[in-house]
Structures are given as C-alpha cells and as structure tokens.
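Student: Residues per chain are reported as follows:
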Amino acid sequence: MSTEPNATGMKPLEAAEAEEAMREVLAGEGVADAASELAPGVPEPETLAEGQMEGDPAVAEPACNQDCKIITRHVNVFYGDKQAIFDVSLDIPDRAVMALIGPSGCGKSTFLRCLNRMNDIIDICRVEGDIRLEGVDIYSGEIDPVLLRARVGMVFQKPNPFPKSIYENVAYGPRIHGLAKDRTELDEIVETSLRKAALWDEVKDRLHAPGTGLSGGQQQRLCIARAIATRPEVILMDEPASALDPIATARIEELIDELKQNYCIVIVTHSMQQAARVSDRTAFFHLGRLVEEGPTEQVFTNPREKRTQDYITGRFG
Amino acid sequence: MHHDWNSPQQLARLRRRHAANRRMKWIGLAAIGLAAGALALLVISLVATGWPAFTQTRITLQFDLDPKLVKPDDMRKGSWRKIIKTALLKEVGPVKSRKDRRKILKIISRGAAYELRDHVMKHPDLVGRTITYAVLAADPFDQFYKGVIPEYIGEGEKRFFNPRLGSPVVVAAFRKLIDKGLVSAPFNWGLFFNADSRLPEQAGLAGAIVGSFLTLLVCFLISFPAGIAAAIYLEEFAPKNRFTDFIEVNINNLAAVPSVVFGLLGLALFLGWFGMPRSAPLVGGLVLSLMTLPTIIIATRSALKAVPPSIREAALGIGASHHQMVLHHVLPVAMPGILTGAIIGMARALGETAPLLLIGMNAFIPDISNMGILDPATALPTQIYSWADSPERGFVSRTSAAILVLLGFLLVMNAAAIWLRQKYSKKV
Ligand SMILES: Nc1ncnc2c1ncn2[C@@H]1O[C@H](COP(=O)(O)OP(=O)(O)OP(=O)(O)O)[C@@H](O)[C@H]1O
Ligand SMILES: [Mg+2]
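For the protein sequence lines, the chains are A and B, in the order given. Residues 1 to 317 (this note's numbering) make up the first sequence, in order. Residues 1 to 428 (this note's numbering) make up the second sequence, in order.
Honestly, I wouldn't trust all of these hints.
As the list claims (entries may be wrong) - Chain A regions said to be covered by chain B (calculated; three or more residues, Cβ under 8 Å):
| # | region |
| --- | --- |
| 1 | 113 to 123 |
| 2 | 161 to 167 |
| 3 | 221 to 230 |
| 4 | 245 to 254 |
| 5 | 280 to 286 |
Claimed, not checked - Not close to chain A: a few residues of chain B, all C-beta gaps over 10 Å, as computed:
| # | residue |
| --- | --- |
| 6 | 71 |
| 7 | 103 |
| 8 | 169 |
| 9 | 175 |
| 10 | 221 |
| 11 | 306 |
| 12 | 308 |
| 13 | 311 |
| 14 | 318 |
| 15 | 409 |
| 16 | 419 |
Derived from the structure by calculation, the hints contain no laboratory data. All C-beta atoms, glycine included, are put in the ideal place defined by N, C-alpha and C.
Could you build all of it, start to finish, from the sequences and the hints given here?
Tutor: Given below as structure tokens:
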C-alpha cells in the first residue's frame with residue numbers, strides 16, 4: 001500500500017486544490033486566529049527527502065533537529081492475531097505539539113497508548129519494535145511502567161476524574177509517587193497544577209467537592225491538572241476535546257498552547273481545525289501505517305501523499 | 001412516493017403494537033401482584049398465629065414476704081410456692097376441697113416462683129413487706145385469657161369441658177380474678193429477653209438471638225475478608241488460563257450446593273477431625289461461612305467487573321501500580337455492590353437451618369448469662385424448629401412470633417444493604 005513512492009506524484013492542479021482546501025480548513029469553525037496559532041516561529045524541522053519510501057532505511061531514521069523526546073522505530077502492534085500498527089517509525093520533538101490524525105480505526109489510539117505502555121493492560125495486545133524515551137527503551141525493563149506513566153502522563157477521550165474530591169484527584173499522583181514532603185507542599189502542587197490547567201479560579205472554593213460534579217469541560221481540565229501534577233515530561237492526549245463544546249474546546253486548546261512551553265505533547269484528534277490550530281507537527285495514519293509526518297503547515301498545505309490530501313480535504317475517513 | 005402512514009394496515013399495526021404494550025404492562029403487574037400477594041399471605045398468617053405471643057397474661061397479687069418463708073440468708077431455699085399460694089387464695093377466697101386448691105394453684109405458672117424469687121433477690125429490702133407483683137399465668141390460662149383456647153370444646157351433645165383448664169371450679173376462680181381486674185396482658189418483653197424454657201409462658205428468644213449473632217459474626221469475619229480477597233485475586237491478578245476457569249466453575253457450583261451438604265462437611269471436618277465443640281457458634285459460623293463464601297466471591301467479582309474501565313485507566317495512567325489501582329480506586333467504587341452481596345449472603349446464612357441442626361446448634365439453652373463462641377448455643381431458625389416441634393399451645397404462637405422476629409432481622413439486614421449502597425453511591 002504505502003510502499004508506492006508517490007509522494008511527489010501530485011499534479012500542480014491538485015496541489016492548488018489542496019492549498020485551497022487547507023485555507024478553508026484553517027478558516028473553519030470561526031476560529032479567526034487559527035492561522036496565527038500555527039506558530040511560524042517554531043523551527044522547521046528538515047523535511048524528508050522527497051520520493052523516499054516508508055520502510056526505506058533512510059526514512060526509517062527520520063531526521064529530528066529538535067532534541068527528540070520520544071523516538072519510535074519499526075513499531076508493530078498486534079491485538080491477538082490482528083495487526084493494528086504496521087512498522088511505524090516516528091520522532092516526537094520536545095516542547096512542541098505533535099498531532100496524530102487519521103480515519104477512525106487507523107490505530108492512533110493504539111500508537112499513543114504504546115508510548116506510556118497503557119497497552120500492557122490489554123491481555124491480547126503485543127507491541128514490537130523500539131520505543132525510546134530520551135534514548136531509553138521503555139519496553140526494555142530499564143524503566144518501570146509505573147514510573148514511566150508518571151513521566152508520560154495521559155489524558156483520555158472521555159473525562160475520567162476519580163470519584164473523589166477535586167483535591168484528591170490532583171493530589172493522588174504526587175502522593176503515590178512521593179513528590180510532596182508534607183501537606184503544604186502537596187497543597188502547593190495541587191494549586192499550581194490546577195492553575196496550569198486553568199481551573200483554579202473555578203474550583204478554589206470547593207476543592208473538597210467531588211470531581212465528578214464538575215461540568216464536562218471542567219472535568220477534562222481536572223484530568224489535565226491530574227496529569228501534570230506528577231510533573232510528567234510528556235503528555236499524551238487522546239481526543240481530549242471530543243466530548244466538549246466549542247468554548248470548553250477553545251479553553252483546552254489554549255491550555256495545550258501554554259503547556260507546550262514546558263512539555264512534549266502528543267494529541268490525537270479528529271478535528272482538522274484543531275490539529276491545524278494547536279500542533280507543530282502532524283502525523284497522518286491510515287490503516288495502521290504512518291503515511292506522512294511533517295510540520296503541520298506543510299502537511300496541511302502541501303502534503304506529499306495523495307491519501308493525506310484526500311483525508312484532510314474530507315474526501316474519505 | 002411517500003409511505004402512507006395512515007393506511008388501514010399501518011393503523012392496524014399501530015393498534016397491535018399498543019395492545020402488545022398494554023399486555024406487557026399487565027403481565028408485569030400481575031407478576032408483581034402475585035409476588036406481593038404471596039408475601040402478604042405469609043405475613044398475615046404469621047401475624048394471625050403469632051400475635052398472641054407478643055402479649056403475656058400476668059396476674060397481679062399481693063405477696064406477703066414473711067422472712068420465715070423467704071429465708072433471707074439463702075433465698076433459694078425459700079418457700080416461694082407457698083407464698084404464691086397464700087397470695088392467690090387470698091384473692092380467690094376460701095376453697096374447701098384440697099384437690100381444688102391444688103388445681104387452682106395451676107393458674108399460676110410454675111416459673112412464677114423463680115420469677116418472684118429473682119425479683120426479691122434483686123431487691124432484698126423488700127423482705128418483710130407485702131408487695132404487689134404481677135406473676136406469669138400458666139400457659140392454658142394465658143391462652144384462655146387471650147381467647148386462643150375455649151372453655152368448652154365441641155358442639156351440642158359432644159360438648160365437653162376443656163381438660164387443659166383443670167375444672168370448672170378453676171375457671172370460675174380465674175374469672176373471679178378477671179372480675180377483680182387482677183388479670184392483664186402487657187407486652188411480652190420476655191419473648192426477646194428470656195432464655196428458652198420448657199414452659200411456653202417463660203420461653204424467650206434471647207438465647208437464639210445471641211447465638212445467631214455470634215454465629216453470623218464468626219461467619220462474617222471469615223467469609224467477608226476471604227471472599228473479597230479471593231475475588232480480587234481472581235478478577236484482578238489471576239492469569240486467565242484453564243486453571244482459573246476451573247476454579248471459577250467450581251466456585252459457581254459451590255454456590256449452588258444445598259446447605260445440608262455443608263452441614264455434613266462441617267460435621268465431619270470441624271467436629272470429627274478437628275474435634276471442635278458440638279453446638280458451638282464457632283462451628284456454626286465456620287459452616288455458614290463455607291456457604292456464604294461463594295456468594296460473596298461471586299458478588300464481589302461482578303461488582304469489580306462493573307467498575308468502569310475508565311477509572312482503571314485513569315489510575316494506571318498517572319502511574320498507580322496495579323494494587324494501588326485496585327485498593328484506591330476500584331475497590332471503593334465496587335464497595336456498595338460488595339456490601340450488598342455480603343449482606344444478602346449473611347441474610348441467607350441467618351435463615352439457614354439444616355447445617356446448624358447437623359452440628360447440633362439446636363441446644364436447649366435455659367441460661368444465657370455466659371454464652372461464648374465455644375459454648376453450646378442455638379440460633380433463631382433452629383429455635384423455630386425446636387418450638388415448632390413442641391406440643392404446648394403456647395409454643396404454636398411463639399413459633400410464629402419467632403418467625404416474625406427472624407423476618408424482622410432479615411428486613412433490617414436488607415434495609416441496611418440498601419442504605420449502605422445509597423450512602424456509598426452518594427459519595428461516588
Ligand atoms: N482492545 C482491543 N482489542 C482488539 N482490537 C482492538 C482493540 N483496540 C483497538 N483494536 C483494533 O485496533 C485498530 C486500531 O484501533 P484504535 O483504537 O487505535 O483506532 P483509532 O485510530 O484510535 O480510532 P478512533 O479514531 O475511532 O479512536 C482497530 O482496528 C481496532 O479494531
Ligand atoms: Mg481512538
């Protein structure tokens with residue numbers, strides 16, 4: 001399938017069409033400043049030499065000029081006999097947002113869950129390949145999965161606060177990892193995490209009310225606060241705004257924009273606008289394969305692959 | 001062409017669907033009515049027969065506590081029957097025949113002497129005075145006063161005097177007491193606070209209640225932690241393989257084993273092999289815990305299964321270890337379900353009779369002052385069984401009353417299950 005070296009096979013006309021579609025995408029849903037959020041200041045990583053195939057050794061070591069936080073090589077994931085991810089090699093830069101896009105069932109969540117070994121809890125799931133966090137193979141046994149998940153936090157599609165108080169939700173992670181010496185320090189962590197998640201002002205008077213009593217958008221921000229309370233280096237977000245209204249979504253996106261100053265963020269999204277607005281780089285998955293990866297602007301305006309363009313312009317998926 | 005929603009066929013179909021809806025509703029209501037009716041019938045028949053046992057006929061007399069008769073140094077040796085006889089005859093008036101006197105004395109329960117003695121032993125300052133005290137009436141007169149048994153049995157030619165009431169002279173004497181307003185039927189606290197007795201008017205459920213409590217305590221202390229631990233292991237930690245499948249099937253089987261089998265097992269194992277004491281609540285509790293264990297395991301497993309996976313993911317996602325996830329997040333969410341299952345299991349154990357009979361937990365316990373988990377005891381259902389077997393009329397109503405008490409305890413336990421469930425789910 002993706003072994004066809006057709007990335008450059010796009011006719012000029014199609015490219016123009018794609019650019020047009022991209023502009024529509026960026027202007028879509030009334031987000032006026034979406035284009036400016038594309039952060040042109042982010043350094044452009046070297047793009048792949050055109051015409052090279054996936055799986056080709058030259059591409060299998062994609063260049064990553066920023067210090068890459070996570071490097072994956074030849075990742076294959078199986079659910080029982082069924083293969084869900086085929087030979088994915090992807091580099092994820094630090095202090096930036098990487099968006100994973102692709103049609104439903106293409107393996108975005110599966111790939112994301114490899115990065116903090118959440119797939120371990122699925123009995124039938126088997127992961128092959130090399131996934132390195134700061135150069136250390138996370139499946140090698142050098143990093144305990146429990147500590148890995150403290151370093152690589154996760155925010156899920158559906159807000160899933162613990163059925164405990166708001167305070168307990170945020171304090172739980174630091175407590176089990178022993179990040180606070182005493183109560184005051186824990187209080188501090190809770191406050192800064194809630195502040196970073198832009199939730200503090202809304203909940204500071206009811207920290208001991210149940211977290212499940214918040215609105216959907218507040219719950220999701222609580223989950224983000226919970227994730228950042230363990231001071232992770234990486235935050236994985238699986239469609240964090242899919243259950244939220246546009247206002248709550250906008251808040252989450254602002255938050256992501258802010259968090260990327262300090263964190264490496266990987267976000268799965270079905271919304272092209274969202275990917276375009278928040279991410280620095282975009283990876284397009286299709287049928288379990290990584291079809292294309294590059295700076296978001298380039299992937300959206302000038303994709304190398306026909307399938308990417310078709311997907312972005314809404315022709316399938 | 002649009003579909004014609006108003007065609008006759010379409011309308012007929014709609015009517016049929018509405019009719020089916022109504023039928024469904026009526027069948028459901030009828031089923032509920034049947035269940036409620038059966039329950040009502042049970043309760044009504046129990047209340048009808050058990051009602052008299054909740055009051056107890058007493059006869060108020062003036063007792064002259066003459067120190068010569070009371071023997072204050074050792075009241076056990078006092079002539080209490082004589083004191084009662086004097087007091088009774090004072091009210092009834094002189095009776096010539098010695099035989100009649102003896103018969104009239106049978107109006108008062110044989111237990112009254114002990115009751116009066118215990119009362120005076122508790123208040124020694126009463127000695128030498130004349131006190132007013134309501135003593136127990138004997139069972140036949142208790143029943144007669146409450147209208148349970150008649151004075152004459154049969155009709156017309158075959159009509160004859162009820163021999164249990166002694167003779168017409170005795171009934172006349174009893175009537176005299178009633179006329180003087182000395183006979184009353186206050187609430188029968190003895191039903192709850194007395195130990196068992198051969199005399200129905202004195203028999204109470206205290207021994208059975210304490211015995212049941214101790215037995216259930218042992219059962220709970222064993223089966224609750226063990227059941228939860230087993231369920232957590234099976235559900236959360238055990239590898240899914242043929243061995244665990246085998247265990248699962250067997251636990252489900254165990255839950256369906258008739259309880260009498262557990263009684264036989266307890267008889268052979270705990271009494272036979274380990275030489276534990278017969279009739280002891282410890283053994284009863286062990287046997288019942290064998291029985292409730294599978295119930296609690298199954299309830300706990302399904303409660304754990306019902307915990308939404310999102311909570312598990314949330315916990316693991318911030319680096320909780322497996323046991324932290326289970327203890328801190330899954331178990332608290334599953335707790336209402338676990339408690340409900342446990343209480344329902346305990347309620348079943350409370351009503352269980354056959355295994356307790358097999359290990360001899362139907363002992364006759366006339367004294368409840370020292371009851372431990374190693375002492376012989378009886379339990380509510382076995383007490384019901386023993387009373388149901390007794391010929392005295394008084395035990396018939398007491399049996400029904402005991403069943404009502406048992407049902408009351410079951411009701412309390414099930415209400416507790418609901419209350420706990422709601423309390424916990426509110427916290428969540
Ligand atoms: N627990 C599982 N057991 C078996 N197969 C699974 C499991 N989870 C995912 N899959 C399969 O793996 C493939 C990828 O699924 P995945 O959830 O990663 O897709 P996705 O890209 O996240 O889709 P979506 O956008 O709908 O969330 C799908 O074909 C799916 O059927
Ligand atoms: Mg997904």
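Student: Determine for every hint whether it applies to the structure shown.
Tutor: Hints, one by one, checked against the model:
1. 113 to 123: Check passed, 4 qualifying residues.
2. 161 to 167: Since 3 is at least three, the answer is holds.
3. 221 to 230: Coverage by chain B holds for the region 221 to 230 of chain A (5 residues, Cβ < 8 Å).
4. 245 to 254: violated (count 0)
5. 280 to 286: It is violated: at least three residues are needed, and the region 280 to 286 of chain A offers just 0 whose Cβ sits closer than 8 Å to chain B.
6. 71: 69 Å, holds
7. 103: The claim stands: residue 103 (chain B) keeps its Cβ more than 10 Å from every Cβ of chain A (closest is about 73 Å).
8. 169: Given that every Cβ of chain A is farther than 10 Å from that of residue 169 (chain B), nearest at about 76 Å, it holds.
9. 175: 70 Å, holds
10. 221: 28 Å, holds
11. 306: Consistent with the label, residue 306 (chain B) stays out of reach of chain A, its closest Cβ about 13 Å off (over 10 Å).
12. 308: Since the minimum Cβ distance to chain A is about 8 Å, residue 308 (chain B) lies within 10 Å and the statement is violated.
13. 311: 6 Å, violated
14. 318: 4 Å, violated
15. 409: Check passes; 32 Å lies beyond 10 Å.
16. 419: Correct as stated: the minimum Cβ-Cβ distance to chain A is 19 Å, above 10 Å.
Violation of the numbered hints given earlier is confined to hints 4, 5, 12, 13, 14; the remaining hints are satisfied by the structure.
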